[in-house]
Amino acid sequence: MAQGDDTHGPEAIFRAALAKGRILLQRNPENGAVVFYPRAVLPGTHGARAGARAEWITASGRGTVHSTTVSHRRPEAGGDRNIALVDLVEGARLMSSVVGIAPEAVRIGMAVRARIDLSGDEPVLLFEPEVESEA
Amino acid sequence: MSSLRGSAAVVGAGLAGLGEAPGFSALEILGLSVDAALEECGLGLGDVDGLFTASSFHSMPTVSVAEFLGIFPRFSDGSMIGGSSFVAQLQLAAMALDARLCEVALIAYGSNQRTAGGKLVSMTEPQPYERAYRLRYPIDAYALVAARHMHEFGTTRADLAAVAVAARDWAQLNPDAFRRDPLSLEDVLSARMVSDPLGVLDCCLVTDGGGAVVMVRAERARDFPRPPAYFLGGATELSHRSIAEMPDLTTTAAVRSGAAANVFCADGDLAATWHYDGFSGR
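Heads up: the protein sequence lines correspond to chains C and V, in order.
Residue 103 in the numbering used here sits at position 103 of the first sequence, with consecutive numbering throughout.
Take any residue in the second sequence, count from 1 to its spot, add 135: that is its number in the numbering used here.
Since the hints were made in silico from the structure, they are not lab data.
Glycine included, each C-beta is placed from N, C-alpha and C at the ideal position.
Treat the hints with care, as some may be off.
What the hints assert, rightly or not - Example chain C residues on the side facing chain V (calculated, C-beta under 10 Å, incomplete):
#1 Val34
#2 Phe36
#3 Ile57
#4 Ser60
#5 Thr64
#6 Gly78
What the hints assert, rightly or not - Pulled from the structure, derived: some chain V residues nowhere near chain C, Cβ distances all over 10 Å:
#7 Phe207
#8 Tyr264
#9 Glu265
#10 Val280
Model the full structure from these sequences, guided by the hints.
Printed below as a string of structure tokens:
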């Protein structure tokens, strides 16, 4: 049951998958619309009829920076940090932070790839610049 | 056209504690603005039977305000939709008056956020899919909007700074304004950066202050000392809480609510427009 299972709602399922390195997205099987963040009920923005059930898909982790800012912080507050909105290739937008590059070097339109930080109390979905493959 | 057009009017307005009101609580500032509004129209607290207020601090704002003022409103609304709550409540008050649910509607707000902490009151609950990125609300979200606007339309930091400069120019004409010293484009552009592309002078001032208005039905609006200000129309639209959920970063819900407000004015009738634009990037 993509809205959840018997004991977990979509948010808990999303976080559990993220902790295992997978980014789950919901999709409306009736029109293919991809949804983020995961909902217990498909959102009205996607034209879902009542009773429609989302299915889970795994995101590729590839996306494009839709907007970006450098949130300036004092060094003792962790220093400057990037905050970005990322459009996933699957068609959903989410908030994240682009790392592995100076925060001010992040550009709108930049191709990025997901990296899941498992070092803290909860998994955090981050992005870093896409590296051209040596094909 | 809404049947509410011209059905009610503001007959009294009051302000209190604008700028800095050290030593006063938010409710005290609110109370003083209510007193000023009632004094202007010659009514008393005992006449108020409709109450409209909202708060980022009080979990039951209408109940707290009614108790503080010693009133027993038979109709009340505390819908919190952000900084526009009190403007939206003009429409709700007009509806309640029109439906005979109250006779004297009071809309009031008070804040001591400058002297209480000097920061904008932040979101009360963490957003599940944002909390990991430790946003500073609302400035980081507005910065994402401004950056996207610059990308799509070629808007410059100077274009945004011009908004802050214009606001200050108007403030210099207003004796109640908190900051009245001159502000130049260069001042705004050279100010400390907060969230690119917004510097500290692009940001909303954090001030104390209270405001209140008293509304009655149009049929008795001429019975008060000051000329009535009639309610001609109003509309709201909700869109998103998290900036990542905004359908289009450069198109706000005000595009639709503005059209829905459906206030028809003849050429030359519109003497002033007031925009809620505390940040230059909005």
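Against the structure, the hints:
no.	hint	in the structure
1	Val34	violated (14 Å)
2	Phe36	holds (8 Å)
3	Ile57	violated (17 Å)
4	Ser60	violated (19 Å)
5	Thr64	violated (12 Å)
6	Gly78	holds (8 Å)
7	Phe207	holds (39 Å)
8	Tyr264	violated (5 Å)
9	Glu265	violated (5 Å)
10	Val280	violated (7 Å)
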